[in-house]
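Starting from the known structure of chain A, fit chain B onto it as the hints suggest.
Here's the letter readout for the chains.
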Amino acid sequence: MSQYILRRIAIAFPLILAVTTVVFVMLRVALPGDPAQIMAGDRASPEQIEIIRRKLGLDRPVFEQYLIFLRNFAGGDLGRSVKFREPVMGVIAKAFPFTVTLTLLSVAVGTTIGLLIGIITAVHQRTWIDNIGIVLTVFFFSIPTFWLGLMLILIFSVGLRVLPVQGAGSWRHFVLPVATLAVGQSALIARLTRSSMIEVLSADYVRTARAKGLAQRQVLVRHALRNTLIPVITVVGLSVGGLLGGAIITESIFGLPGVGRLAIDAISNRDYPMIQGTVILVAASFVFVNLIVDIIYAFIDPRIRYA
Amino acid sequence: MPEIKRVAERGRPSGLYQLVLLKFVRNRVALFGLCCLLLMLLAIIFAPQVTPYDPIGKNTPERNQPPSRLHPFGTDKLGRDIMSRVLYGGRVSLQVGFLSVGLAVLVSAPLGLIAGFFGGAADNGIMRVMDLILAFPALILAIWLVSLLGSNMNNVIIAIAFFSLPTFSRLIRGITLSIREMEYVMAARGMGAGSLRIMFFHILPGVLGPMIVLTTLSVSGAIVAGASLSFLGLGVRPPTPEWGAMLADGRNYLRTQWWMAVFPGMTITLVVLILNIIGDALRDALDPNVRA
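In order, the protein sequence lines correspond to chains A and B. In terms of the working numbering, the first sequence opens at residue 1 and continues consecutively. In terms of the working numbering, the second sequence opens at residue 1001 and continues consecutively.
So that you can see chain A by itself, here it is in the shape it has in the complex (with noise of 0.2 angstroms):
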C-alpha cells in the first residue's frame, strides 16, 4: 500500500514541475511585448524600466532566472501581481475560497442527486421510470452553463426576485451558482452510476445475494452499489480538479471572486505574474486532486494495488 502511494506521489510532482516549467516558457517565448515595459507603463522612462527589469531579474540569462524562479515557487513566492501591487500568492488565497467552497457544495449536491438517479433508474430499467431519467440526464447534461446560469438569473432573480443576481456576500448567493454547476454534474453522475449499477446488478455475487434471501434494499446498498461507486469516484475526483480551475463561466456570470474570475481578468490585463501564479496553483490542484483520488481508489479497490 504505501509502496503504492509512493509510487503515485513520485508521478504527480515531475509533471507539476513540468507544468511550472511549461508555464514559465510560454510566459518567456511566446509573449509579445517586454513585461518590465508593461510593468513600468506607457509613460516610463528607459531607466525606470532597466530598473524594473533588474528587480524582475530579467536581466540574467534565461536558465538562470528560471532557476530563481523555481526556487522561489517551492518557498512558496509566485511574484506580484501588477494589478493588485500585491504578492500573486495572497491575492489567490483570498480568492481560492470562494472556489473551493462552490466546486466542493456542487459537485455534493450534483454527485447527491446524480447518484440517487442513477440507482433509482438502474433498478428500474426498462421502465417508464428509466425512460424519464434517461431523457432528463441527456438534457441536464446538454445545458451549457453559461445559458444555464443567465436562465436561472432571468427565473430566480429577475423573475421571481428571490435571489441576488450578483456577488458573495451570503449563503444565497451561492445558491444559483451552486445549482448552474450541480446540474450538469448530477447528469454525469447519473449517467454513470446508472450503466455501472446495472452491471454490477447482473453480476454474480449479486444474484448470490439475492438467493441467499436479503432484502432487495441490503442487496442494493451493502453488495452492488460499493462496487457501482468505484468509477464514480474517479469521476467526482476530476470533477472536483476540472472545477476548481474550470469554473470561470459560472464564476464570471455571477460575478463571484474566485480563481477563475481572477484568471481571467489576469488575462486580460496582461498581468503576467498573476496568469503564471493561477494557471500553475490550479494545475497543481488539479494534480493534487487526481493523487488523493487514486489514493482513496487504491483502499476501496484492492485489486488496483497489484495491477
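It is worth saying that the hints were derived from the structure and are not from the lab. There's no promise every hint is true.
Only some residues are given here: those of chain B computed to face chain A with a beta carbon under 10 angstroms [unchecked claim]:
1. F1118
2. A1135
3. I1223
4. G1250
5. I1277
All C-beta atoms in this analysis are idealised placements derived from N, C-alpha and C, irrespective of residue type, glycine included.
Frame of chain A; chain B shown alone:
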C-alpha cells in the same frame, strides 16, 4: 455518421457495420434527432434563402421587438432579427465544433496508434505529454492561447483542438493496445505485413467505432467550448453573429429583452442535445451487449 454509412454501403465482409447501422436506425429518438440536426444544418447553410433579414445591418425602427410572427425570436437593440443572427451564427459555431474535433482527430489518431502499437519509449513520451496537457486548466489556457495568438476563429479552433488531444489519443492508444495482441494481427504479421500496413489496415478499422462515438460527443463539447470563449469576449469580433457572443450580448438585457439571451442559448442546447443523443445511440449500436 457519413463514415458509418459509407462503410456500411461498401458492404464490409464482416457485416458488423450493417448491424450497427440497423441498430442505430431502430433507435427512433436518435433518428428523429438526426433528421432535426440535418434540417438545422440545411437552414444554417441556406440562411440567406431561409431568412429575409440582414444579420449585421442596423434596422433601428424595428429595434427591441419581442418575438412576433415577423420576428419569431424578436429583434435586438439595433433592430437585427435574432433568428437570422442565430442562423448565420450557427455557421461560426458549427465550424468551430466540427473543425476543431476534426483537427484533434487528425493529430491524435497517428499519435495514439504509434503509442499503442510500438509501446516503450514512444508510448511513454507521447502519453506523458498528453498527461501534461490534461493537467492544465483547459479553458484558462485556451483563453490565454487565443489572447496571445490573436482573437479569431482559426485560433479558437486550434486552442480547442489542442486540449482535446489527450482524450482522443488515450482512447486510440488503449484500443490499439488490445487489438495489437489479437491473433489476426499476428497472422497479418506472419504474412509479411509491415508496421504501417498493420496500423492502418488492421488496427485502425477496429479503433473506428469507439472513435466515431467520441467524435460525436466531442463535437458538442467543442461547440460549447467555442461558445464559452466568445461568451467571454474571445473569438469572432462583433458584429459577426456567433451563439456565445449573442448570449453575452443578451446577458446585459435580461431584465428588459429576455429573448436576446433565451433563443441563442436554446439553439446551442438543442444542437448539443441532439449530438449527445446521436452519440449515445451510436455507442449503444456499437455495443454488442445492447440489444437492438
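Here is how each hint holds up against the structure:
The beta carbon of B/F1118 is not positioned within 10 angstroms of any beta carbon in chain A (closest approach about 22 angstroms), and the interface hint is therefore violated. A hinted interface residue such as B/A1135 counts as satisfied when its beta carbon comes closer than 10 angstroms to some beta carbon of chain A; here the least separation is about 5 angstroms, so the hint holds. The restraint placing B/I1223 at the interface with chain A holds, with a minimum CB-CB distance near 9 angstroms, inside the 10 angstroms limit. Because the beta carbon of B/G1250 sits about 8 angstroms from the nearest beta carbon in chain A, less than 10 angstroms, this interface hint is met.
Evaluation of the B/I1277 hint against chain A yields a held restraint, the C-beta minimum of about 6 angstroms falling below 10 angstroms.
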